Amino acid sequence: MKKLVYLLLGTMLLLSCKKDLAPMSGCTENTAVNYNANAITDDGSCIFFSTTPFIIETPSGFPDMIIPSNNPMTIEGIALGKKLFNDKILSGDRMQACASCHLQSAAFSDTNQFSIGIDGLAGDRNASTIINAGWNNSNFWDGRATTLEDQAHDPVVNPIEMNDSWLNVEMKLNADNEYPTLFKNAFNIDYIDSNHVVMAIAQFERTLISANSKFDKYLRGETQLTTSELGGHAIFNTEKGDCFHCHGTQMLMDNLFHNNGLDPEPFIDLGLGEITNNTSDNGKFKTPTLRNIEFSAPYMHDGRFETLEEVVEHYNSGGEYSSTVDPLMKKLGVGLQLTNQEKQDLVAFLKTLTDTDFISSK
Amino acid sequence: MKKILLTLTVIGLVFTSCEKDKPISTDLTINFTHTVDGSDLITNSMIYTNEAGENYDVQTLKYLISNITLHDDLGYTVLKDIHFIDISDESTFSFTYDNVPNNNYYAISYTMGLDTAKNISNLYVNENYHAAMAWPDMMGGGYHYMKLEGDFNDSLSGYGTHTGGTMGMDYSFNNINDISLIVNDDLGSVDVNINMEINNWYKTPNQIEFSTYGMGIMGNMQMQMDLKQNGMTDVFSISVNK
Numbered sequence: 001m002k003k004l005v006y007l008l009l010g011t012m013l014l015l016s017c018k019k020d021l022a023p024m025s026g027c028t029e030n031t032a033v034n035y036n037a038n039a040i041t042d043d044g045s046c047i048f049f050s051t052t053p054f055i056i057e058t059p060s061g062f063p064d065m066i067i068p069s070n071n072p073m074t075i076e077g078i079a080l081g082k083k084l085f086n087d088k089i090l091s092g093d094r095m096q097a098c099a100s101c102h103l104q105s106a107a108f109s110d111t112n113q114f115s116i117g118i119d120g121l122a123g124d125r126n127a128s129t130i131i132n133a134g135w136n137n138s139n140f141w142d143g144r145a146t147t148l149e150d151q152a153h154d155p156v157v158n159p160i161e162m163n164d165s166w167l168n169v170e171m172k173l174n175a176d177n178e179y180p181t182l183f184k185n186a187f188n189i190d191y192i193d194s195n196h197v198v199m200a201i202a203q204f205e206r207t208l209i210s211a212n213s214k215f216d217k218y219l220r221g222e223t224q225l226t227t228s229e230l231g232g233h234a235i236f237n238t239e240k241g242d243c244f245h246c247h248g249t250q251m252l253m254d255n256l257f258h259n260n261g262l263d264p265e266p267f268i269d270l271g272l273g274e275i276t277n278n279t280s281d282n283g284k285f286k287t288p289t290l291r292n293i294e295f296s297a298p299y300m301h302d303g304r305f306e307t308l309e310e311v312v313e314h315y316n317s318g319g320e321y322s323s324t325v326d327p328l329m330k331k332l333g334v335g336l337q338l339t340n341q342e343k344q345d346l347v348a349f350l351k352t353l354t355d356t357d358f359i360s361s362k
Numbered sequence: 001m002k003k004i005l006l007t008l009t010v011i012g013l014v015f016t017s018c019e020k021d022k023p024i025s026t027d028l029t030i031n032f033t034h035t036v037d038g039s040d041l042i043t044n045s046m047i048y049t050n051e052a053g054e055n056y057d058v059q060t061l062k063y064l065i066s067n068i069t070l071h072d073d074l075g076y077t078v079l080k081d082i083h084f085i086d087i088s089d090e091s092t093f094s095f096t097y098d099n100v101p102n103n104n105y106y107a108i109s110y111t112m113g114l115d116t117a118k119n120i121s122n123l124y125v126n127e128n129y130h131a132a133m134a135w136p137d138m139m140g141g142g143y144h145y146m147k148l149e150g151d152f153n154d155s156l157s158g159y160g161t162h163t164g165g166t167m168g169m170d171y172s173f174n175n176i177n178d179i180s181l182i183v184n185d186d187l188g189s190v191d192v193n194i195n196m197e198i199n200n201w202y203k204t205p206n207q208i209e210f211s212t213y214g215m216g217i218m219g220n221m222q223m224q225m226d227l228k229q230n231g232m233t234d235v236f237s238i239s240v241n242k
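If you read the protein sequences in the order shown, they are chains A and B.
Under this note's numbering, think of the first position of the first sequence as 1, with each following residue one higher.
Under this note's numbering, think of the first position of the second sequence as 1, with each following residue one higher.
FYI, nobody ran anything at the bench for these hints, they're computed from the structure.
All of these numbers come straight from a predicted model, not from anything done at the bench.
Positions of the beta carbon are idealized from the N, C-alpha and C atoms, including for glycine.
A few of these clues could be false.
[Stated by the list, open to error] Taking lysine-lysine pairs in the DSS-like style, the calculated list, with each CA pair at most 27 Å apart, reads:
#1 A:362 x A:83
#2 A:217 x A:88
#3 A:331 x B:228
#4 B:228 x A:240
#5 A:217 x A:343
#6 B:203 x A:331
#7 A:240 x A:217
#8 B:228 x B:203
#9 A:184 x A:82
[To be verified] The following residues of chain A were derived to be distant from chain B, with all beta-carbon distances above 10 Å:
#10 29
#11 87
#12 89
#13 154
#14 250
#15 297
#16 306
#17 323
#18 326
[Stated by the list, open to error] Okay, the calculated beta carbon distance ranges per label pair:
#19 A:56 x B:24: 43 to 51 Å
#20 B:51 x A:337: 28 to 36 Å
#21 A:361 x B:76: 47 to 55 Å
#22 A:170 x B:168: 30 to 38 Å
#23 B:219 x A:321: 25 to 33 Å
#24 B:96 x A:34: 48 to 56 Å
#25 B:185 x A:54: 35 to 43 Å
#26 A:240 x B:39: 33 to 41 Å
#27 A:341 x B:52: 35 to 43 Å
The whole structure should be built from the sequences, with the hints applied where relevant.
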């Protein structure tokens, strides 16, 4: 008898439950953020994912920036990327952020010759600047990453840099109080993965545009250069200094690789040759932009020069012989033969490429 | 009137009857080839000797050919406005112009470099050659027509044959070569090869030595003129494969 009562009660319970399952209202659009798979009637509550597009303003004399079609620029993505760039959560033991070695005050480069990673280990190249990086055809001194997205994958897991695993970083981000909402808002994803982390960082990096230096203002007719700066400009842009062949156009770089005669063979660092396995690429490195060069010391891929005067002296001396030295630089033992005044003028011109807005903007 | 109608009908019939033979479109591929002393160019090898007796290699060859045009009795067809060739990128060695209109073409012409109307700074800022070929305003602006670079003197020295509009002067030149290309819905794929014989840049009528004029010639009007003369003499040649 007792069993019968239980059975009856159980049946009643189930029946009562059924009532709740019956016609349910909610959002029935499966593209909506609050899509309810159980809802049968739509109650007009659907909220759709949307972001605010961010338009890059192309500076005068610059090409249009090539932005990957799967990672359009959005206000939400850029803000998230900026937060990630400055957050130590991306490194093992939460010791370092991207910004630890790419300091805005140093044109997003490192004032140390070699950056020190979380375990106190040093790399063997100077941290690259991040200036107008959205126009780079390749990234790293050896060009091994094509896109900024590809580039950002590397330092997080590099044992001498941030030394973490992407699995661990994903875990930390997904368990965080803020990031799941921020990624949801930027990319409409429920689980944070490494691809979306680097997409956000790349979006932020594409906004790091410098095109308002004294030199830009001069080109726009808004200011005049001093006699010394004009002298340097002439040396730079003629074959007297022959700087423009690699550091030409308003971008002040050619997106190519060259051996600028730093070392004799055998090279300690093969540069591009290490990536292409082509011996004629040995000793070649990506041309950096000269914008904000005043702040990005030390100079060269290995940060061997501390001052611009040392850099100018290197070119003036003619450099070291090796088989892959750029033909335009093969004035070995002859060099540029600049006078002291001309060297000073060239440095004065290089300092007109300083963009204080870029260094100090929030 | 009747006569005209009859003629038109006959012509119409002829055309309709022709339709049975499916027309074949004529697709013209322009290939850019490069030789030294008649042999295909091999880059980064110190195996060449110029007219002055200097040994040299070729490491860089980038140049702009513009106004590539087919000529017929009544007019012309522009195949491409500007084409950039980079020896390190095979995809730049040719382009194809599909569906060449029916005509009797007797010549092809092309400009080495950019004429004054085209040679303007930042005019091609979004083209892939912009950064590599830009020519500073201080020396006249616009773009390099050609960058031909390498080492000479057993790779102890470098040379850079850079041609362009020195101080705003126009040193581009137009070549016109005879071809006999009768297009009448029947040719299919046709190749026209424009060959650059590199040694001839330094040969006739002006012998050019790298040891004297290997570098620093962007501001040298005489050298630009000499290279233009040599270029017009025998640097370029045409062949057609039907």
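Test the statement that residue 326 of chain A is away from the interface with chain B: the closest C-beta pair must be farther apart than 10 Å. violated, 7 Å
Pair hint residue 184 of chain A and residue 82 of chain A, alpha-carbon separation not exceeding 27 Å: holds, 16 Å
Using the C-beta atoms of residue 170 of chain A and residue 168 of chain B, is the stated range 30 to 38 Å upheld? Distance hint for residue 170 of chain A, residue 168 of chain B is violated at roughly 58 Å.
Indicate whether the distance between the beta carbons of residue 51 of chain B and residue 337 of chain A respects the range 28 to 36 Å. holds, 29 Å
Range agreement (Cβ of residue 76 of chain B with Cβ of residue 361 of chain A, hint 47 to 55 Å): Given a distance of about 53 Å, which is inside 47 to 55 Å, the answer is holds.
Does the alpha-carbon distance linking residue 240 of chain A and residue 217 of chain A stay inside the 27 Å limit? Distance of about 25 Å is within 27 Å: holds.
35 to 43 Å as the expected CB spacing between residue 54 of chain A and residue 185 of chain B, which holds or is violated: Since residue 185 of chain B and residue 54 of chain A have Cβ atoms about 52 Å apart, the given range 35 to 43 Å is violated.
Between residue 331 of chain A and residue 228 of chain B, is the straight-line Cα distance small enough, at 27 Å or below? Since the Cα atoms of residue 331 of chain A and residue 228 of chain B sit roughly 26 Å apart, the hinted pair holds (cutoff 27 Å).
Take a look at whether the Cβ-Cβ distance between residue 96 of chain B and residue 34 of chain A falls inside 48 to 56 Å. holds, 52 Å
Residue 24 of chain B and residue 56 of chain A - C-beta distance against the hinted 43 to 51 Å: holds, 47 Å
Are the Cα atoms of residue 228 of chain B and residue 203 of chain B separated by 27 Å or less? holds, 12 Å
Can we confirm that no CB of chain B comes within 10 Å of the CB of residue 297 of chain A? The claim stands: residue 297 of chain A keeps its Cβ more than 10 Å from every Cβ of chain B (closest is about 25 Å).
Of the numbered hints stated above, those contradicted by the structure are hints 2, 14, 17, 18, 22, 25, listed in ascending order.
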